[in-house]
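Visitor: Numbering (my numbering), first residue to last: 1 to 137.
One should not assume that every hint holds.
Cross-link-like lysine-lysine pairs, in silico, DSS-like; alpha carbons within 30 angstroms at most [stated by the list, open to error]:
#1 K17 <-> K55
#2 K55 <-> K109
#3 K17 <-> K109
Honestly, the hints are just simulated from the structure, not real lab data.
Source: prediction; values computed, not measured.
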Amino acid sequence: MKMIFQSKSIGEKEKSKWIGFLSSFFAGMASGMLGIGGGTLKVPIMVLLFGLPMKTAVGTSSFMIGLTASAAAITYIAHGLVTPLIASYMIIGIFLGVNIGCRITFITKGGVLRRLFGVILIIFALRMLLNGLGVYI
């Protein structure tokens with residue numbers, strides 16, 4: 001909820017390297033186990049725990065997600081759990097979408113991005129909860 005209602009960046013907070021390591025470890029583990037983008041966990045960690053401005057957190061998360069996804073992809077490919085045809089179609093869409101998304105980020109205020117991110121997380125969380133309860137929409 002803080003991601004939605006807090007409009008100003010709080011400025012970088014000096015936090016323990018261990019907090020960064022442990023929070024990233026669990027975000028990476030969740031990303032690898034559940035196939036979720038690590039950004040859904042890493043961006044709130046960087047904004048709320050470390051006080052990074054939203055745009056900086058998004059850029060840093062994008063950089064880290066590339067590394068995280070590469071490590072996970074190698075493991076899943078080695079175990080035969082990647083469907084190359086579907087992945088190739090999705091990669092094309094992702095490249096196009098990422099370019100447009102980055103351009104929108106550059107011209108959007110950080111507070112707006114923060115609220116949008118929070119709303120999207122809530123929508124996904126509610127949908128996953130409903131699916132877990134057997135209600136599909």
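Visitor: Confirm or reject each hint.
Guide: Hints and how they fare:
no.: 1; hint: K17 <-> K55; in the structure: holds (21 angstroms)
no.: 2; hint: K55 <-> K109; in the structure: holds (8 angstroms)
no.: 3; hint: K17 <-> K109; in the structure: holds (29 angstroms)
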